[in-house]
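2 protein chains.
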Amino acid sequence: MSIYRSAKNPIIEPKDIKPSGGDFEVIGAFNAGVVRFGGEVILLVRVAERPISTHPDIVLCGIYDTAERQIVLQEFSKDDGETDFSDPRLIITPSETYLTSISHLRVARSSNGIDFEIDDKPTMVPASEVENFGIEDARISVVEGVIYITYVAVSPFGVTTCLASTKDFQTFERYGVIFCPDNKDALLFPERIGGRYYALHRPVSNLFKKNEIWMAESPDLKCWGNHRCLMGPQRGLWDGVKIGASAVPFRVNEGWVEIYHGVDEENRYCLGAVLLDGEKPWKVIARSEKPLFEPETDYECEGFFGNVVFSCGALFEDGKVGIYYGAADTTVCYAEMPIADVLANLGV
Amino acid sequence: MSIYRSAKNPIIEPKDIKPSGGDFEVIGAFNAGVVRFGGEVILLVRVAERPISTHPDIVLCGIYDTAERQIVLQEFSKDDGETDFSDPRLIITPSETYLTSISHLRVARSSNGIDFEIDDKPTMVPASEVENFGIEDARISVVEGVIYITYVAVSPFGVTTCLASTKDFQTFERYGVIFCPDNKDALLFPERIGGRYYALHRPVSNLFKKNEIWMAESPDLKCWGNHRCLMGPQRGLWDGVKIGASAVPFRVNEGWVEIYHGVDEENRYCLGAVLLDGEKPWKVIARSEKPLFEPETDYECEGFFGNVVFSCGALFEDGKVGIYYGAADTTVCYAEMPIADVLANLGV
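Same order as they appear, the protein sequences are chains A and B. Residue 581 in this note's numbering sits at position 333 of the first sequence, and the numbers go up by one each step. Residue 354 in this note's numbering sits at position 106 of the second sequence, and the numbers go up by one each step.
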C-alpha cells in the first residue's frame, strides 16, 4: 500500500482556530467534510471548544440555550463522587449525560488542498434544541448541483443526523433531523440511482449491541425509508467492534467506493473501504480485510482521543484518493493513495 | 374516572390460539391492533410462541431462518454460567441477545367487539432478516381508504418498525423498515394534516438514557423526515421512566387524542392520554398527570410480565373510547370510558 501523508500534517490544528468567544478554548479541529467548490477546496471543520475553567476542581460545560439563543455555562465539581468524568468526552451524572466540549462547523479554504485559510468566525453553530450540545462531523455531497451537508446534532434528546443545504457556504437552509436517535455517520450518495436518492447511516441497537452501517432511500433527500443493514463489523478484524460510513462515496468503473471507519477491540479507529454495486448500491461486492490506513504517527496516536484516524470526506481526482481525516480527535490531516491501491486492498 | 372493564376479560387468552406448529406452545396473545372493517371489529393479535422444550435444563429459542424460509430452533443450556436468563423475555449471551419467544400476528374477528373468532393459522409471519426474532405490536391506521399496519420487527439487527398495507387482511404488501434501530411504538395518523402525513415513533438514545415519543412527517408514508421530539417522560409521575405511543390517534373537537403508555420507577405500565393540536400535531395541548388506566385486576397484575396494561389500538365510537389492551403481556382485554372522562383527565 502506498500511502502518502502530507509532510505538512497536521494541516489544521486547534491553535490555528480563533475561538468563538473569549471564554472558550479550542481543543479540537478535526473530522472535516470536504468539497471542491469554485476552484477551491472547502473544508467544513469540526471545531470543538471548551469553556475555560477558573478553578481546577470545576469542570465547565457549554450548552446552547435555545430560548436565549446563546451558549450558557454549566458547572460540575470534580469532587462530586456521583459524577463520572472517566471518558474525556463525557460528563455522566446519575440522571443526565453531558459533553465536555461543544462543537460547531467552520469553513477553511485552500487553492492547493493543503494550505488552508480558516474563517475567523463559526460558519454553522447550534441553532435548535436537538443541537444543544453541539454540531459535529459534517459530510458534504453535491447532488444535482446543490451542496448538501449531513451533520451530527447532539443534545439531551440523543445523537441525531441533520440535513442542510447551501449555495455559498455563508447561508444555510436547514431541514431538521433526517435520522433520529441514536444515529450518526450519515452521508448522501452524490447522485440518484434508479431514480432514488440513497444514504448511508449508522443507527445503534443497544439491546442487540449493534453499531452497523445501514442504507436508506428517499424521493426528496429529506424523508427516508426502506432502511436496510448494509454491513456489520468483521469480528476479530480491524473493524470488529463497530463501523460507520466516513467519506461520501465516489464512482469508479467497478461500482461505488465507500471509505469507512472501523473500531477494533482496542478502541483503535482505522479506515478501510467497501465496494458497492454501481446500480444496486445495497449490494456489497468487496470489503477491506485489512485497513487501508491506520494510526501510526505521533499526531494520530496521541491527542484528545488517541489512536484514531477518522475521515468525513475525500476527493477522488486524477486517479488518487485524497483523504482529509481527523487525527486523534484533535487535528485535520491529509493523506492520499492511488485508487489502484484501494482496489487492490479490496481484491478487485 | 368511569372505566368499564369487560366482564368477559380476558377476551382472548393463549389457550384460545392454535399454535403455528406442533412443537410450539402459545404463551401470549396480547397487544392487538384494531380496526372496524366491513362491519366487523378486526384485531391483529400478537401471538407469542415458545418451542416446547424436551428437557428442563434446555431453553429453546425459535428463529426465523431467512434462507430456509422457516423457523429453526436454537438450544441454550440453563447451566451455562455465561448466559443471562434473568429477564423472562431475553436470553443474553456474552456476544448476542435472543428472545425467549417468537411472535407473529393473527387476525381475530368479531361482530360485537367482545366475542372474537380467531384464525387457525398465522396471518403475518416473519419474512425477512429484520424479522428473524419475530413481528410484534401491530397498529392499524386507515389512511385515505387504505389499511396500513405498522409493526415491530425484531432481529439481531435490532428493534425496528416496518410498514405494510392490506385490502383484505389476507394478503399484505410490505414496505420494509420505516424506522431504524432501535425504534418501536410507531403509528400513523389516519389523515393528512396540511398536506403531509404524520407518525409517532419511539427512538432510543442509550447514551442519553432517553425513551421519548417523537413525531415524523412524510410525503408518501414510506419515507420519513423532520423528526422532532414530541414529549418525554414526566419525572416522578406514572410515566416517569419511559413512554411510547399506543393507539392510533383520533380527532375530537379539541384536537387529536393519543392514548399512550408510560412506565414508572417500579416498571409498571399504565395508559394515559395526550391532546395534540388538530392542525399542528407537534404541539402538545394537555397531558395526563394521572393515568387514565392502570393495572389493578389479577389478569393485569399477574402473567408473563405482570403489572402491565399496554394498548396498540382503540375505537372511538359514539362518544366512547373502547381500548383493546394487552394485560401482563399475556392476554387481550377490553375496557371503555366516555371521551368526556378522557378530556376531564386532561383538564380540558
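Treat the hints with care, as some may be off.
Any copy, or any two copies together, can satisfy a pair, since identical chains are not distinguished.
Dumping the calculated BS3-like pairs for lysine-lysine here, alpha-carbon to alpha-carbon at most 27 Å [to be verified]: (1) Lys-326 - Lys-457; (2) Lys-528 - Lys-470; (3) Lys-369 - Lys-538; (4) Lys-528 - Lys-263; (5) Lys-369 - Lys-457; (6) Lys-538 - Lys-457; (7) Lys-531 - Lys-415.
I should point out that these hints are in silico values taken from the structure, not numbers from a laboratory. Treat the numbers as computed from the prediction; the structure is a model and nothing was measured.
Each hint tested on the structure:
Taking the closest pair of Cα atoms, Lys-326 and Lys-457 come within 27 Å of each other only across two copies (22 Å); inside a single copy the shortest separation is 31 Å, beyond that limit. For a Cα distance limit of 27 Å, the shortest separation of Lys-528 from Lys-470 qualifies both inside one copy, at 21 Å, and across copies, at 19 Å. Neither within a single protomer nor between protomers do Lys-369 and Lys-538 lie at most 27 Å apart by alpha-carbon distance, with minima of 40 Å and 49 Å respectively. In the homo-oligomer, the alpha carbons of Lys-528 and Lys-263 never lie at most 27 Å apart, since the shortest distance is 44 Å inside one protomer and 47 Å across protomers.
Proximity of Lys-369 to Lys-457 under the C-alpha cut-off of 27 Å is found in neither arrangement, the shortest distances being 39 Å within a copy and 33 Å between copies. Taking the shortest alpha-carbon separations for Lys-538 and Lys-457, only the intra-copy value of 23 Å comes in at or below 27 Å, while the best inter-copy value is 35 Å. Neither within a single protomer nor between protomers do Lys-531 and Lys-415 lie at most 27 Å apart by alpha-carbon distance, with minima of 33 Å and 32 Å respectively.
The earlier numbered hints that this structure contradicts are 3, 4, 5, 7.
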